[in-house]
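Asker: Take a look at the letters that make up each chain.
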Amino acid sequence: MTTHAPQTAQSVTLPSSLDEAVAALTDMPAAVPVAGGTDLMAAVNKGQLRPAGLVGLGRISELRGWHYQDGHALLGAGLTHARMGRPDFAALIPALAASSRAAGPPQIRNAGTLGGNIATAAPTGDSLPVLAALEADLVVAGPGGARREIPISHLLAGREMLAPAELIGFVRVPLLHAPQVFLKATGRTGPGRATASVTVVLDPARRGVRCAVGAIAPMPLRPLEAERWIGSLIDWDGARGLTQEALAAFGEYVAAACIPDPAPPADGGEAPPVSPAVQHLRRTVATLARRALGRALS
Amino acid sequence: MSNDAATGAQALDAPQQEPPAHGLGASLPPADARAKTEGTFPYAADLWAEGLLWAAILRSPHPHARIVSVDTAAAAEMPGVRAVVTHEDVLGDSAYGRSVVDRPVFASDVVRHHGEAIAAVAADHPDTARLAAAAIAVEYEVLDPVTDPEKAFAAEPLHPDGNLIRHIPLRYGDPEITGEVVVEGLYRIGRQDPAPIGAEAGLAVPRPDGGVEIYTASTDPHTDRDLAAACFGLDPERVKVVVTGVPGATGDREDPGFQIPLGLLALRTGCPVKLAATREESFLGHAHRHPTLLRYRHHADAEGRLVKVEAQILLDAGAYADASSESLAAAVAFACGPYVVPHAFIEGWAVRTNNPPSGHVRGEGAMQVCAAYEGQMDKLAAKLGIDPAELRMRNVLATGDILPTGQTVTCPAPVAELLGAVRDFPLPALPKDTPEAAWLLPGGPEGAGEPGAVRRGVGYALGMVHMLGAEGADEVSTATVKVHDGVATVICAAVETGQGFSTLARQIVQETLGIEEVHVASVDTDQPPAGPAAHGRHTWVSGGAVERAAKMVRTQLLQPLAHKFGMSTELLQITDGKITSYDGVLSTTVTEAMDGKELWATAQCRPHPTEPLDESGQGDAFVGLAFCAVRAVVDVDIELGSIRVVEMAVAQDVGRVLNPAQLATRIEAGITQGIGTALTENLRTNRGLVRRPDLTGYALPTSLDAPDIRIVKLVEERDVVAPFGAKPASAAPVVTSPAAVASAVRAATGRPVSRLPIRPQAAVAVPNA
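Chains as they are written, first to last, in the working numbering: chain A, 2 to 299; chain B, 688 to 1456.
Hint data in this document are derived by calculation from the structure and do not stem from the laboratory. Computed from a predicted model, the values in this text were never measured in an experiment. All residues carry an ideal CB built from backbone N, CA and C; glycine is no exception. Each hint can be trusted.
Take a look, some chain B residues computed to stay more than 12 Å from chain A by CB distance: (1) E1077; (2) M1281; (3) E1302.
Footprint (simulated), chain B over chain A, 3 or more residues, beta carbon under 8 Å: (4) 40-48; (5) 186-192; (6) 278-289.
Bound-form chain A, shown alone (with noise of 0.2 Å):
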């Protein structure tokens, strides 16, 4: 007998709405969703994963693009990389578009999406500290027509799950109408994963600095003590600048906050030293972060 048939996929959906694709998942529990398939597809020519079904999200047209809500934009969870990255999208939350720009080589950009970046919430996720930063909010679609709506750090962190035949549909993100930065760190010139981000948003009508460091943890991590600090000593009215000592101090307040000293034995003694790659993991956070404040509020 043969077996060329069982481990191919036996069935591929194509919806056009939103509504569709969770109707095929609740029909076939099994089935896997695939946008840009960047990951997923790298998992399946490892072996890891076999889907019996896919449904593909790439014909849902109302989640390629973006739309405004109160002082919002709800942004697709199909919109690739790519997308994101022109000066258009740039215009809007520019920090989005640098991580876009930045997140692998052209091949990938193309084809990765939003929404993937975030169901696979890979570490070096590039969009996830900036969707941090931001305080983003993702709108989920259910079976039914239900929708519902999840801060990005609630799923992140895994206190809010996605349920079976849930999709990520939109992402509600701010419009902030003021500087953003999004910085990375890579081991090469051209595109590579992150060793450290850092991203900063300026949000002047709550007179707030928004900070978030990403690749150093398995999720975005937030210096709120340090937001709140640095967002005290800027003149928001004024001309907003810092001294380059301030902005120094607010680099080693982040890496300090999100590398925190080994703490000390329980038996008192000396706590562990720091090892030589974490000083510099810390150094670059700092670094980072100074820069980004910095070019955020030049």
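Fit chain B to the known structure of chain A by using the hints.
Answerer: Coordinates of chain B only, in the frame set by chain A:
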């Protein structure tokens, strides 16, 4: 590509005349360029045969473990599975190896590295084969891996042959002598993967006579055939290796470790069996560059002239010997570099560990020591307050000098000329006149680089590499040239790996016979052996054999005419298919002279013999040497430690330029590979387990990482013992460029930089770093 080729050719110091359209010196494009560009080139992974089965290999998840039991029953019973083979099913020798037979086809009692093969499965679908391989139940008793080569000496033997593969104690000169200035250094070189483009793949087809044919992208078909035949228990004549399109190779491919299981499965099932390895399997299974630890002490006088070099070199061979002995010989012999060193004491060892296997990757041995001795030259220059280029210039080797192995350098060694050329070449301009936003800073176009934190550095390196096999290896090659109907065919088992041999063979025949249309036959082991595609040997020996065969055909063609007209064949010449005599009296066409005959000739080329290094590392071990000088210009973000190579200026000793465009691409490719060695390429392990064996975790240079490569000078001093006087060109830039990048990073940051690839933290230069 034609653009690059044009720039490359312009940069040469070539005579101003128009380059020829064919023959030697022409920029003939490769015959397969079009097929490769259009995607119609048949790679090994595209092979197909009616009714083929798919193979999968079960690999060890542990770097070191005792195998308690292997139970294949569950796998064998799976629907679709046709055969499962383990060490019990190996019909002939249970082990193989290129120079030392020490590697089991399938691990039987002990696994010695992560990814070592334990069993193989043939099934009617690749997924079935993989699932079946995963269903083989292996009980392991996990052992402590030996992963530190320094601890291998005292560790329990990992292999019946012991942990020391080779030790060379080179002694040359007076051990007591000391210099006025002494510098010491410890250097570490990481594990580079050859990362060959294209999946490793093969197809084994059983023959009706009980033999087997293996179709694969081999770089050394005859050796692969002999290794496989011994393991199949067959005469070599009953095994045929057919070389299918090689996508490119900088080391050995394909790993015999999967050719042999493939053949065993084909013999067992009586069906064609195909295997296409995943990238992960390739990373685990094939040979890497030897990770190396080097300790150096250089003695010099107050003027910076070298007095003595002491060094200890430790190569991590992984679990099996492979090419470690040859790599160690090169490392020890070239430990002082292309410098005059009157006294040298070099201890070299290659030892077994449970790390991934090491073997032939171009420039092996020579590359690692170059990074170390050039680090020492920088240290010496800093200590003496002499300009690094000037210090090197005071010590350069020349023809007639003696290597620490006692071998006199008889070939051209224009080291001073090469160094002078890169030193005097104008430095690249700072991007002052372009807008800041357009600068390509370290970290890339969307990176975090800031102009204020970027420092520029300039560094130099001189490298040397041997050509052809060393220490008495028989470097013979055989080629046949056939002419019929105005078309010439070259039959030679030299594999085109991207080094350009088939283009060169066409040019040689064009040059010798004046026939423009030349075909190069595909390679299989029914042809006489031509040896491995390594150390530039095909340019030399196979090129030489093709030339001799072509000359014999020429004589056969011209002899009757010459006889008829009472003149010697030397007075006749063939151009554009016409035969003319020196005085123009005789004129006829090749077709007419051939008169419908077929002319065949077969010839061999065998360079002069070499001898093994003796117990004190002395001996004339190398046929030829090639030299290279590189000046690197780098930008370093000294806060983040990110590095961008801005420009590499190269001057190389090439003997003679046979194909300017091809030569330029070889040098550019070598430099780019060297940048990977210097900055990103390191296959990391954690206690012997390979971490992230994929091309995301293992960062190769991209087009943005490749700098401007300026071929400043090609010194064409013909090597009289080499055919055409040409020296192979691919390995020298691979050897030299990593050291040049390290030197430039030292200049930019003031940091010592003693480890390759250079980690960002080693390039940070801020207070309290």
